[in-house]
Every structure is written in C-alpha cells, then in structure tokens.
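Chemist: As a plain string of letters, each chain reads:
2 protein chains.
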Amino acid sequence: MAGERILHKELSERIIDDKKAASFFKDKMVVASSGFTKSGDSKAVLSALVQRAQTDPLKITLMTGASLGHGTDGALAAAKLLHLRLPFQVDTVLRKAINDGEVLFIDQHLGETANLLKANNFPKIDIAILEAAKIQEDGSIIPTTSVGNSAAFAALADKIIIELNTSVSLDIIGVHDICSPGEYPNRSEIHIVEANSRVGTIAIPIEVDKVIGIVLTDKKDSPAEIAPADETTKAIAKHLVGFFNDEIKKGNLTKSLMPLQAGIGKVANAVLNGFIEGDFENLTMYSEVLQDSTFDLLDSGKLNFASGSSITVSEEYYHKVFDNFDKYRNKIILRPQDISNAAEVIRRLGVISINTALECDIYGNVNSTHIAGTNMMNGIGGSGDFARNAYLSVFVTQSIAKGGKITSIVPMVSHVDHTEHDVDIIVTEQGLADLRGLAPRQRAKIIIENCAHPSYRSYLLDYFDRACERGGQTPHLLEEAFDIYKDLREKGTMAKQIFS
Amino acid sequence: MAGERILHKELSERIIDDKKAASFFKDKMVVASSGFTKSGDSKAVLSALVQRAQTDPLKITLMTGASLGHGTDGALAAAKLLHLRLPFQVDTVLRKAINDGEVLFIDQHLGETANLLKANNFPKIDIAILEAAKIQEDGSIIPTTSVGNSAAFAALADKIIIELNTSVSLDIIGVHDICSPGEYPNRSEIHIVEANSRVGTIAIPIEVDKVIGIVLTDKKDSPAEIAPADETTKAIAKHLVGFFNDEIKKGNLTKSLMPLQAGIGKVANAVLNGFIEGDFENLTMYSEVLQDSTFDLLDSGKLNFASGSSITVSEEYYHKVFDNFDKYRNKIILRPQDISNAAEVIRRLGVISINTALECDIYGNVNSTHIAGTNMMNGIGGSGDFARNAYLSVFVTQSIAKGGKITSIVPMVSHVDHTEHDVDIIVTEQGLADLRGLAPRQRAKIIIENCAHPSYRSYLLDYFDRACERGGQTPHLLEEAFDIYKDLREKGTMAKQIFS
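Protein sequences, first through last, are from chains A and B.
Under our numbering, think of the first position of the first sequence as -18, with each following residue one higher.
Under our numbering, think of the first position of the second sequence as -18, with each following residue one higher.
Since the hints were derived computationally from the structure, they do not count as laboratory data.
It cannot be assumed that every hint is accurate.
Pairs involving identical chains hold if they fit within one copy or between any two copies, as the list cannot separate such chains.
Each computed EDC-like pair below joins lysine to aspartate or glutamate, with the alpha-carbon atoms no more than 20 Å apart [claimed, not checked]: (1) K99 with E228; (2) K477 with E460; (3) K201 with E297; (4) K467 with E83; (5) K472 with E461.
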C-alpha cells in the first residue's frame, strides 16, 4: 500500500514509526505542522508526541496552517506541550489554556504567516510535519486535503517528517497548485487573474536531505460538524441574497457576481445554499475552505469553479466528493494559504467576502475574536485578508445571543479586528446595512435601524444621540461605551440597559 | 506662455476663466479634485467656487487625492460648500466642521479610493478638476507635483476641467508613471517589482469630449511647513536607526534595508535624516510623499531612488529641487496613489513602513486619527495601506504630550486604526519595542517597559497585572480601560491616575 505512494527510492528507506518520530523533538523546538481547518493535519506524529510527553515532558512552539482535527490541539494543551501556538485554533481545551495564560497564542492573518516567517519574525523552524498522499520520484510531495502553509514550512524548516496518509485517495493528485511569491527582496507577481488560474506545480518541492522520517498513517480527517440552518441563519441568507439580486437589477453586479469567499460555519453554509435558489449563474469562488455547501453549489450548476486551501467537509460529503472525484477534479484547486489569502489576488479578482462577526459596533467596526474584549474564541483566521482587500466585504452575525442577554450590535466593540474601513455590509436576521459611501454618523443610524435587535434599538439610539451632542467624527461617550459588558459580567445580561 | 503648454488644437480653444468654471457646478454634485498632501491641487477653480458660494450657495461632495493646500479646505467649509468630504484633510477649519457634524467626512485608506469608486461605492463623479503642467497632442495631460487620484478621476468623471498651472517647470515631464490595474472584473497584475520599475505612461489619458474648460493659473503649491527636529524626535530617530543597525549585524537586513516608506511630519523627517548618518547604502523609497528629507537623502548618496505620489517640500527645497531637476529626474517617480499605496506592490517589495501614531495601547493597537476616540485629527491616510502589507511596520510617537498631561501609551486605544497584527515596532523617545513573534501578554510588558513614559509606567503595569488576574488572550478591565480619558475630560489631565 505504501509502496505505490513512495516513488523516491532513498526516501522509501526512511519509514519509521510514530514513536521514533516523536523522539526527534526537543524542548523549546519550533515545530510546524500541516493542517488547515482540520484537514490534512498531522494525525500520527503529534499524537505520539502527546503520548511521549506523559513521561518525558517538553514544551514546543507549534505553528500550523490553521486548526487541527481530532482534538489534537486540546491533547497538546492538556499534555502541557505548548509554549506558543499560532496562527489559529478552534479547540475548547486549548482555548481555555490560552485564556488562562498557560499557552501563549499569536492570532494571525492566515495569509501572512508565511510572509512573516520569511521576514524573520520567528526563530527558524526546527521540524516540519507534513501530511502527504504521495512522494514522487523527485522527492516532492502531493499534499492531501489541504495545502495550508506546508509549502512554506517545507522550504524553511531544518528537518522534515512526512506523514504519508494512505487513506487519502490518489485521485487527489493534480488538484493542488503550489506556487510561491518568492523570497525577499526578489518577489514576483502572483499571476492569478481568475479563480481558476493555474500558476504552479501539483506537488511541494522537498529537499530530500532534510527528511528525517516518513510515518505511515491511515487515519482520516476529522469530519466537519455543521449545525443545520435555522430560522435566523435562513433570514440572514435571505437578506443577503436579496441584496445581491438588487445589485444585479441596478447593474452594479452581473448574475455571476464576483468571486465569492465565505467563512466556515452554519451562517456561511446557509448563505451559500441561498445562492442555489437565487437567479445567479457562472459563479466562482476564491476562498479558503471548500465546504459541504461548495459542493452543493457545484452540483447545482450555479458554481463553475472553486479555489481554496482545504476541503473540509462532513463525513457524508467526504464520500460524496471522493467517490465521484472525476466530477470535481477540474472544478477545484487547492492553494497555499499565502496564495488563497493573498492581498494581491483578492483585490485583483474583486472578491466578495462573507465572514462572521462576534459583534459589530454602530460605526461598523467588527470584533471577530475576543469575547468581551478579552477571551480568545478562535482567531481572526482569513477574515482580515479578505475583508481588507475585498470588492465587497460582508459581515454576518445574529443580532442577539443567549436568548437576548447579549446584543451583537454594540455602542463600541470591545476588541477591533476589522475597522470601519474594511466593512461594507452588515447583515443580521433583522436586516442588512449597506455602509458603502457613508460617513460614521450615517452608518450608525442604518446599523441600529436595520441590524440591531428591536429590544436594543432604543438603547443604542439613545447612546448615539447623546454622543452626537458631545460631537466628533465618531461620536462616543467613552465613560459608558462598555457599560453593557459590565452588566454582562455582574448581572449576566446586557439587557439591563434596556430596562434601566 | 499657455500656448506651448496646450498642444491639442481643439482644447486650446476651451480656455475659460475661473468664474465661468465655477458656474458649472450645481447643488448636490459629486466633485473630484487633484491634490495630494497640498501638492498639485486645484488653486483657481475651487477658490472661485468659494467666491461664488458667497452669493449663490450650494453643497457638493468633494473627493481628492489627499489634503489640499492654500487653506482651500477651510475656505470650502467656511462657505458651507461641503456636504461630504473624502478621503483625507488636514485643515483646522474643516476639522472643526467635521467634528461639529456640519460636514460629513469619510476617512479612507488612500490606496483604496480609486478601487472603491470602481466598485460602485459612490455616485458617479460629475466634474473632475485636474491640475496639469501641459496638455499633449492627444489631449492627455502631464500632471504637476502630484498624481494622487487624478488618473482614476479622469477616467470616471462625466466632465473635466483642467487647471493648467504655468508656474510648474516643464522639466517635470517624464517623472510621472501613470498606470492602472484595470477595471473589474478584468484587472491585471501591477508589474512593479522594484521601487524604480516604470510600467506606465508619462501622461494621464483624457477623453477630449469630456473637457468643459481649461483654466489658467500660475499659483504655486503651498509650501510644506516642517517643524525642526527636537530632542524628542532625535531620540526616536536614534532608537530606530540603532534597531536597523542591529538587524544588519544579525544578518536580518542588509545595509540597503528594504524599500522605505515614511509618513510626513517632523518625526518622519528626523528619522529619514537619521539614515544619512548611519551605515546604510543603496537605499530606496517606495512611499507616498517625497519631502525635504527625501532630497537630503538623495543628495547624501545614501538613497538611490524614491517612488511616491507627490513632491511636498518647503519653499527652500522647492527651488532646490526644481532649479536642479536634472539631478533628480532619473531618481524619482510619481505614481497614482492606488499604485504607490497598492497592497500588492507594498507586500511584494517588502516595504519598511514608518508612520506616526496618536496613541498606542499596551497590546500594540494603534490610533492614528481620533483624539480621545471621537474627534478626527487628519485621517488614516496611507498608514493602513503600508502597515498592513509591510515587511516591517513601525509606528513612532512621543510617549507623552501636553507636558505630561497625556500619555500616548494607554491601556486600550480609544479608537483602532491599526490592529496589533499590523504593528511590528513601536518607538518613542523612551525606547523601542520589537513586537515581532510576541503574544499579547508579552507585548504589553515590553511596550510598557521600553516605550511608556516613566511617570505612567507603574499605572500601566498595575492595569496590566490586574487585568491578567482576570485572564484572557488580551487581558482588559473594560470598566476602567478608558478612565484616563474621563480624567482628561474632567480634570484636564490623564496624570490623575499616577497620583491616585
């Protein structure tokens, strides 16, 4: 089974077991691992490292593409293995360790990690663990269900461990498009001019001498768990699809819109499913993650092509996709995340980005990451790469949470991930605020009126009116801007303001 | 005099006076004007419009490259001419009108205005006023001391008025490099791979039928007023130059560093002058504004080339530059601001950006625009275009203002223009904080220790320590994060916290 997957003779002699691989790691090492939104991650080696740490403790810096699957991040945190983690995570155990100050976490634009490594922002990578479907004659590796930062890690790491995953269909060969903007100071253009532009190679080049071991595994990716659409997410999708229809009628957009990017999760899925119903045609995606709804859209004939950095699907869709791969082969590309999320390409293509906000303020600033301004949820992910450079930057959120105890439209966000400049459209189940061409005071009125939950509107309007009396480009009453968080902390609800 | 400057016969018959030009404007029109950091702005037509408004009031939307000279923005505001202004201003009268809510202001990334216009974020431009040094045989115009958004305005406006400025030396012909990334959805790469790459034409194409008048003027640009370096700015420059020297010693940078960008003002000037003394060679600039210090650096032989969107110099340097233009002709390029500030190019070249902060917080978030979170100072300008995409993003500020009544290092900035992700280095006269590769809690310690004024350090440390006790990725005590602004408002000083 492994034989047909290792075509480089010398490398075929470097197969080791996961325990041996785990023994290579030393305290304080900088470790990089493949993996993006739970796909194509290290399944054997990191897991063996957790085992080893039970009796032989050590601390590492761990960087990845994005989140890991199989609870690996949680297991690493529980084993006290992590000194520093970047650039993204979604694990409840790790999250707690981060917020407790036990693990340092660098929250990073996912398109920037490779650039920052090349600009000497971190110590050198000691060992990179890269999942692969196949090792080619020249030692280059075919990635699996994600590319993430693997190409950059391979180029920059001192040593490499390859996790050869025999569960991944060899049909995947040819789907990846590996390219790099090059090294400073001699970087060149990224020649992608359409979502389906192919500009690279199908495999990641590997310096064979760096490979200190090949570990075999047949463990599959963790399946994505997507909550089904509900009334709220359907309402959000309806408002947004209605907006696009209006823009088409006005002649601002064609039925093909512009290339789409969508974050992950149930709102994004509901929105993408909304495109199936609407009067759209020849859509394309230039996104990060190809998820269940991406394949539904492809099947519907509405979507012609999807570019991303990973395939992250539910168990049902995993079979659907890989049992019928010929159907999708020419309709998808997986790219390195510094290419899928490249400012250059996103702006050139004119991507319409759709991302989820934790909270938005009345002037259009967005918090995507920090609960009550302090506790990390997941990370900024690629939302900033896309929102800053998008043709149209959309943020979606439910207007309230916890049965109304929390409003997602607030006077001033408790943490800023995306400034007003990077936010064109805000959508909640209440409605849509089109902020393009509006000054802050105009933005406030339309956000409160269209997006805030009715039970919080008068509170927000009162704040805004009194702030305007004091004046300013962005009127605020700093001494009470965060009162609702105090109420939430002390009384368990922001709604106190409504009744006070 | 005008004859040799209008080589297009038909256009030479469209000369009108400024009063006639002013009569073309109607209430509610969208007007665009050339002008970037007080250079190459409309001197005759906007001024005549102010005169007209005394007896014949009207309101317009006015967009420019950046700031206008000659107090024009103030005169427009005083004449109640402005409904909406974008994307930048530096005028005290206009600033007050904005903060009083009399003029709507859209503060915008200077590199994005042209993109947003092309993405239908604003109504169509009715009239564009474009300063030119010469009109060529084909009707195309040679810009003067700035390019700004003129090329985009010329392409997008319904009608065009050309202000032919006979005071500008014709030696300037050939300095401009006009190109465009194209129109959605068919944009292409911007093929700039070095600061001195030439990829366009020397003139802005003009549809001759759009030109409704040519107004002659011989008024010069407002000279830049630059406060001389003082002990504080010299100390900031010294810390920063020392940092670069250390990076060279470590092998992280060569003596040529990477292409430099510097904001305007006395700190930036002091820093650029610092490069003259240091052990640097073959420097280049990929910036917005070529200022006095740029020409000093060119004269010193340390700087090989400077790319920008405008030449904004003092009266003394205006003569120095234009009386010896052959010396500089091949060492400078002026570009459209969507090219000088293009995310694509900034990231590709690996620009080192140096911009001024109003205040920074202990986690590295920066406020560049809003005094006490509400009142607009000037605008974000190009700082965001550069900071987000830079190889190394530096922010400089004095640690205190108003004799210590204000600290520029605060627990939480009152307005966020640049998030922690976009800020690598903070420098005050106290020292330098290198934030690369650090998590928020690590950032806080080094910013407080290295950059805060000694008199505020214990206050900031106490805030940080108590916030850490509560926990979080970015520990905050929201209920007291803005206490210093309350003190400033009520007692006229933030220093109350020091003694309480």
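Chemist: Now look at each hint and say whether the structure bears it out.
Modeler: Hint check:
no. : hint           : verdict
1   : K99 with E228  : between (41 Å within a copy, 14 Å between copies)
2   : K477 with E460 : both (17 Å within a copy, 16 Å between copies)
3   : K201 with E297 : within (13 Å within a copy, 70 Å between copies)
4   : K467 with E83  : neither (25 Å within a copy, 34 Å between copies)
5   : K472 with E461 : both (16 Å within a copy, 18 Å between copies)
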